[in-house]
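Asks: Residues per chain are reported as follows:
2 protein chains.
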Amino acid sequence: MLVKEQFFSFASKEEPFRLRCGKNLNEVQVCYESYGELNAEKSNAILICHALTGSAHVAGRHSEDDRKPGWWDEMVGPGKSFDTNKYFIVCSNILSSCYGTTGPQSTSPETGESYNLDFPMTTIYDMVNVQNELMKHLDVEKWLAVAGGSLGGMQALQWAVTYPEKVHSCIPIATAAQCSPLSIGFNWVGRESIIKDENFDDGNYPKGTQPEKGLSIARMIAHMTYLSDVSMQNKFGRKLQEMDDVNYEFTHNFQVESYLNYQGRQFVNRFDANSYLYITRAMDYFNLAEEGEDKSLAQALAKSLCQFCIISFSSDWLFPPYQSVEIVNALAENHRTATYCNIKSDAGHDAFLLEVDVLAPIIGNFLEQQLESCSNA
Amino acid sequence: MLVKEQFFSFASKEEPFRLRCGKNLNEVQVCYESYGELNAEKSNAILICHALTGSAHVAGRHSEDDRKPGWWDEMVGPGKSFDTNKYFIVCSNILSSCYGTTGPQSTSPETGESYNLDFPMTTIYDMVNVQNELMKHLDVEKWLAVAGGSLGGMQALQWAVTYPEKVHSCIPIATAAQCSPLSIGFNWVGRESIIKDENFDDGNYPKGTQPEKGLSIARMIAHMTYLSDVSMQNKFGRKLQEMDDVNYEFTHNFQVESYLNYQGRQFVNRFDANSYLYITRAMDYFNLAEEGEDKSLAQALAKSLCQFCIISFSSDWLFPPYQSVEIVNALAENHRTATYCNIKSDAGHDAFLLEVDVLAPIIGNFLEQQLESCSNA
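Listed in order, the protein sequences are those of chains W and Z.
Each residue of the first sequence is one higher than the last, beginning at 1 in full-length UniProt numbering.
Each residue of the second sequence is one higher than the last, beginning at 1 in full-length UniProt numbering.
As a list, the in silico BS3-like pairs of lysine-lysine whose alpha-carbon atoms are at most 30 Å apart:
#1 W:Lys235 - Z:Lys295
#2 W:Lys23 - Z:Lys239
#3 W:Lys344 - Z:Lys344
#4 W:Lys86 - W:Lys4
#5 Z:Lys303 - W:Lys239
#6 W:Lys142 - W:Lys4
#7 W:Lys207 - Z:Lys196
#8 Z:Lys196 - W:Lys235
#9 Z:Lys295 - Z:Lys166
#10 Z:Lys196 - W:Lys239
#11 Z:Lys23 - W:Lys239
#12 Z:Lys239 - W:Lys303
#13 W:Lys295 - Z:Lys235
#14 W:Lys196 - Z:Lys235
#15 Z:Lys239 - W:Lys295
#16 W:Lys196 - Z:Lys207
#17 Z:Lys239 - W:Lys196
#18 W:Lys239 - Z:Lys295
#19 W:Lys196 - Z:Lys196
To be clear about the criterion: a stretch of chain Z counts as covered by chain W if any three or more of its residues have a C-beta under 8 Å from a C-beta of chain W, and this derived list gives those stretches:
#20 182-190
#21 236-245
#22 275-284
None of these hints come from the bench; they were simulated from the model.
In this text, a Cβ means the ideal position worked out from N, Cα and C, and glycines have one as well.
Looking at chain W on its own, in the form it has when it is part of the complex:
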């Protein structure tokens, strides 16, 4: 499946895009990809929201010789769960990211220079509002489903509450209605590591460079939280890296150390440090309960009108299953039912990207039901 990046821009000095923090953006570019065709009834559009360091490139390849397909290629394509023969799938790079949508590395129309840390603080709510502009641009009136894992699931939940009439169903995966202090804590340490890097220069590190040390440390910390004790035992155990015995050095002896190092190095090559700061902060600030009049999650979800398919993974300790159960319970307080699956998996938080064999039929069936109920309506 060959796909290409598409771009859409909105907002101007006269009609700025207003952010939750109170500041404006006078120019917003959105990078997105779409797969399949919007049907005549416009009833088959699905929005997939990506996680922290993901991109609009959810599936397929950009060219025949593209080395790797999109980040959820096993889930999205002809005959797959997100069946591009049936559905019109949209995925856009989130606000503040570095893969084509406006973010801190974008050029400010006011100064003609990169925003860097002058970029306004953004929230999940703002990300969803950008997606809402894209939706209008695409002439979609209602999403058959909004789906996403981790930070993508937060966006899906925000959609359900902020634009209830535009969401037929919501599939939040490995996520939570609010960022826990554990997540906030790990995000904090990662950001501190970046901000304290001597090459960070208050976010003004020259183009083509990065606060490499800090960013790689931040990634290694985050990566630890995406795995699980069991998955690490199974994958690495105490296996050594190309040696018969420990070498009594601080260089990497254990395979898990080489693996983390590799993850850190790769990340520096592909993700902008300032974007990492903004997006993790947006995650910290996410608290769906605040959308409710009495700041309760039940009140917030009372605004939603959609069907929910909520999925968690047993070994996910970053967004543990009980956080998904909280959403189910808050819906129940509103006399609402939800499909909820806690998938038994050793893969930790990363399971939403890895446990495709289990995810595929659950999501595939749920989507078919939604399409049917939508067509019958």
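Knowing the structure of chain W, use the given hints to seat chain Z on it.
Replies: Relative to chain W, chain Z alone:
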């Protein structure tokens, strides 16, 4: 209870202290404290082993106006579990630490300068061998008990296997017979953060300075692993730091962020970065199974002769309860019984320092039984 630091030195160029890595130390100083009196039968001596960043100062105060007592003061003293009216309690600062025992910041007798990273790599086995020299110096022939939490528990286990005839009982708390890849991973990221700090200078940072950024990041990472999701929810939740609403800044908004920052800053003032590298590496290398002839934990523990009181905490995810169960099971393979308690607690790994009310009677009773069985023998 007023106590004072005591010092004991051993080893020389002629009679060096041989380390597991194959290198020697020609001078070893040990800082220790003792509480209570050794009885005439020499049957009441207990060794307490401290954790990663602890010291010999386990209880009491160094002066009347000492601001804080020792690190396990609620457990050690007259009438307490480690009852100084009954027992002769010894605690020594571990090899490679920075609280009085020889470590990387000590002066090398060969060069007259600080070892820094020329200090040889040390292991838990070496730490125990240093304690064994102290034991001889104190004229103790057999420990009634060797007890410790976390890294201290690893030392207790090593004692049981390396000097079986010298250990009557062993109390490993919140620990494991081997460092898991999860622990190794977090240790790795912490060390990388220190080593990559621009002020680290290959460990040659000037006396009185520290690679502050890297060391504080390392401490914050480690501190996260000492807490639990529930304890963080209870202690911090999403509470803000002296503000009514988030301020949309990267500075600390949430209480958990201020708390972590404080922990990082405090640590830089009290613990040497090079020591942190050496001791975490010793922890990584710990694998009691390697002491067994077929490298099985059961074979290793077959060498031990002592009674075991093994304690874990339900919410400890750094050294999860199943790692204690592995020790119990390995003893069972040898047709040996053990006292094992998995204490229900929300306090995470830190529980061994915090759940004193539950720990106290368990350990107090176990020690009394040991003293009785020792006296009857």
